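There are 2 protein chains.
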Amino acid sequence: MPILYDYPRSRNGYKARLVASHLGLPLQVVTTDLMAGESRQADFLAKNAAGKVPVLELEDGTCLPESNAIALFLAEGSALLPDAKLERAQVLRWMFFEQSQLLPNIGLARMLKITGRDTQRPDVYAQRVEAAQDALSALERHFAGNDWAALGRFTVADIVLYAYSSVVEEAGIDTAPYPAFVAWRRRVESLPAHIPPDWGFAA
Amino acid sequence: MPILYDYPRSRNGYKARLVASHLGLPLQVVTTDLMAGESRQADFLAKNAAGKVPVLELEDGTCLPESNAIALFLAEGSALLPDAKLERAQVLRWMFFEQSQLLPNIGLARMLKITGRDTQRPDVYAQRVEAAQDALSALERHFAGNDWAALGRFTVADIVLYAYSSVVEEAGIDTAPYPAFVAWRRRVESLPAHIPPDWGFAA
Numbered sequence: 106m107p108i109l110y111d112y113p114r115s116r117n118g119y120k121a122r123l124v125a126s127h128l129g130l131p132l133q134v135v136t137t138d139l140m141a142g143e144s145r146q147a148d149f150l151a152k153n154a155a156g157k158v159p160v161l162e163l164e165d166g167t168c169l170p171e172s173n174a175i176a177l178f179l180a181e182g183s184a185l186l187p188d189a190k191l192e193r194a195q196v197l198r199w200m201f202f203e204q205s206q207l208l209p210n211i212g213l214a215r216m217l218k219i220t221g222r223d224t225q226r227p228d229v230y231a232q233r234v235e236a237a238q239d240a241l242s243a244l245e246r247h248f249a250g251n252d253w254a255a256l257g258r259f260t261v262a263d264i265v266l267y268a269y270s271s272v273v274e275e276a277g278i279d280t281a282p283y284p285a286f287v288a289w290r291r292r293v294e295s296l297p298a299h300i301p302p303d304w305g306f307a308a
Numbered sequence: 106m107p108i109l110y111d112y113p114r115s116r117n118g119y120k121a122r123l124v125a126s127h128l129g130l131p132l133q134v135v136t137t138d139l140m141a142g143e144s145r146q147a148d149f150l151a152k153n154a155a156g157k158v159p160v161l162e163l164e165d166g167t168c169l170p171e172s173n174a175i176a177l178f179l180a181e182g183s184a185l186l187p188d189a190k191l192e193r194a195q196v197l198r199w200m201f202f203e204q205s206q207l208l209p210n211i212g213l214a215r216m217l218k219i220t221g222r223d224t225q226r227p228d229v230y231a232q233r234v235e236a237a238q239d240a241l242s243a244l245e246r247h248f249a250g251n252d253w254a255a256l257g258r259f260t261v262a263d264i265v266l267y268a269y270s271s272v273v274e275e276a277g278i279d280t281a282p283y284p285a286f287v288a289w290r291r292r293v294e295s296l297p298a299h300i301p302p303d304w305g306f307a308a
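Protein chains in written order, with my numbering: chain A, 106 to 308; chain B, 106 to 308.
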């Protein structure tokens with residue numbers, strides 16, 4: 106069974122666990138304690154030079170880092186990821202948007218907020234919130250005319266967009282200006298295979 | 106011929122033009138004047154809800170935003186992008202790393218630096234430089250033992266990583282601590298089909 110090195114508070118690892126739940130794939134979740142520095146130790150850096158979770162370790166020992174690469178790898182050949190070149194590109198488009206415009210801004214704003222450092226680095230926090238709001242405005246424009254991220258149906262793009270979309274409020278950002286975005290988030294949460302963010306970790 | 110909406114100073118559009126050069130693909134480059142706000146006007150937002158270049162417009166009018174989705178779309182079926190599921194995932198891994206850890210940090214630090222706003226928002230600039238250095242350290246660890254990003258050969262992952270790697274100094278960041286990274290950058294630049302960043306724009 107593949108191993109997923111992950112940390113409960115990370116929403117990047119959540120993406121892989123959501124794909125696994127939607128597709129019924131087995132996955133053994135192993136906690137990498139980020140707070141204890143485990144992801145920057147030599148044995149972990151050999152799995153991922155970037156020193157970050159998640160990493161998927163296959164049965165032959167091959168390691169695949171990066172949440173969206175893992176999500177795509179798990180989704181290959183399923184209804185979550187089309188084969189046709191242009192359809193695939195439209196799914197990937199939102200997965201790259203997520204990485205450059207949603208995750209870094211919501212992720213860092215949330216990290217500063219929940220550790221109480223938003224008041225120590227107010228301009229860093231403010232700039233991340235501005236950029237996150239710009240990304241949320243893009244999603245609002247899209248979801249005002251579309252039920253799903255791509256192709257008019259639920260795909261792996263919705264899963265990866267959902268992960269950090271689910272913690273906008275934890276970053277201290279009001280979602281009231283983004284009603285179509287909030288409605289899409291509820292659509293994702295209402296799917297039968299949806300799971301909470303701590304799913305897969307030992308109790 | 107497909108149209109690439111792009112802006113000379115953007116290194117994201119450069120990725121698509123590099124792929125086109127390496128594969129000998131025709132591409133008509135149309136300038137979207139970011140400084141004049143053209144990417145946030147209604148006609149452009151209809152092409153990309155995120156209001157950013159590049160956008161690839163196909164002959165049937167279909168629009169594909171996001172530099173890495175465009176790069177992958179253009180590279181499909183070529184030697185720059187493998188078909189096998191795990192090999193493809195190893196290429197994508199570095200393309201997602203580029204989007205979340207390299208581009209946002211080098212990109213914003215560079216933008217602040219070249220517009221002289223690094224001294225107006227010193228903590229924002231400092232945080233982006235710290236994060237960029239962390240990403241460069243990851244690349245240094247990787248290229249210390251590998252000539253190329255993935256699979257031991259030049260792929261579309263090297264192209265997308267190169268784009269913002271080529272402007273580290275413009276962001277005010279010293280590359281002296283990253284000799285293996287600098288050597289990889291020179292390997293990319295020495296390929297016969299390599300082009301300068303303003304290639305494709307009318308003189």
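Hints were generated in silico from the structure; no laboratory data involved.
In this text, all values refer to a predicted model and were calculated from it rather than measured experimentally.
Keep in mind that the hints are not guaranteed to be accurate.
Here are some of the chain B residues that sit facing chain A, going by a computed Cβ distance under 8 Å [stated by the list, open to error]:
#: 1; residue: 146
#: 2; residue: 205
#: 3; residue: 229
#: 4; residue: 253
#: 5; residue: 257
Have a look at the derived ranges for each label pair, beta carbon to beta carbon [claimed, not checked]:
#: 6; chain 1: B; residue 1: 249; chain 2: A; residue 2: 141; range: 24 to 34 Å
#: 7; chain 1: A; residue 1: 192; chain 2: B; residue 2: 216; range: 14 to 24 Å
#: 8; chain 1: A; residue 1: 291; chain 2: B; residue 2: 168; range: 25 to 35 Å
#: 9; chain 1: B; residue 1: 303; chain 2: A; residue 2: 129; range: 27 to 37 Å
#: 10; chain 1: A; residue 1: 279; chain 2: B; residue 2: 143; range: 42 to 52 Å
#: 11; chain 1: B; residue 1: 148; chain 2: A; residue 2: 219; range: 18 to 28 Å
#: 12; chain 1: B; residue 1: 183; chain 2: A; residue 2: 145; range: 17 to 27 Å
#: 13; chain 1: A; residue 1: 251; chain 2: B; residue 2: 148; range: 10 to 20 Å
#: 14; chain 1: A; residue 1: 242; chain 2: B; residue 2: 222; range: 41 to 51 Å
#: 15; chain 1: A; residue 1: 220; chain 2: B; residue 2: 298; range: 45 to 55 Å
#: 16; chain 1: A; residue 1: 184; chain 2: B; residue 2: 224; range: 13 to 23 Å
#: 17; chain 1: B; residue 1: 225; chain 2: A; residue 2: 242; range: 39 to 49 Å
#: 18; chain 1: A; residue 1: 300; chain 2: B; residue 2: 298; range: 22 to 32 Å
Each computed DSS-like pair below joins lysine-lysine, with the alpha-carbon atoms no more than 30 Å apart [to be verified]:
#: 19; chain 1: A; residue 1: 218; chain 2: B; residue 2: 190
#: 20; chain 1: B; residue 1: 190; chain 2: A; residue 2: 190
#: 21; chain 1: A; residue 1: 190; chain 2: B; residue 2: 218
Here a beta-carbon is modelled for each residue, glycine too, at the ideal position from N, C-alpha and C.
Evaluation of the provided hints:
no., hint, verdict
1, 146, "13 Å, violated"
2, 205, "4 Å, holds"
3, 229, "5 Å, holds"
4, 253, "14 Å, violated"
5, 257, "14 Å, violated"
6, B/249 x A/141: 24 to 34 Å, "26 Å, holds"
7, A/192 x B/216: 14 to 24 Å, "33 Å, violated"
8, A/291 x B/168: 25 to 35 Å, "28 Å, holds"
9, B/303 x A/129: 27 to 37 Å, "50 Å, violated"
10, A/279 x B/143: 42 to 52 Å, "30 Å, violated"
11, B/148 x A/219: 18 to 28 Å, "40 Å, violated"
12, B/183 x A/145: 17 to 27 Å, "37 Å, violated"
13, A/251 x B/148: 10 to 20 Å, "19 Å, holds"
14, A/242 x B/222: 41 to 51 Å, "22 Å, violated"
15, A/220 x B/298: 45 to 55 Å, "47 Å, holds"
16, A/184 x B/224: 13 to 23 Å, "52 Å, violated"
17, B/225 x A/242: 39 to 49 Å, "24 Å, violated"
18, A/300 x B/298: 22 to 32 Å, "46 Å, violated"
19, A/218 x B/190, "38 Å, violated"
20, B/190 x A/190, "15 Å, holds"
21, A/190 x B/218, "38 Å, violated"
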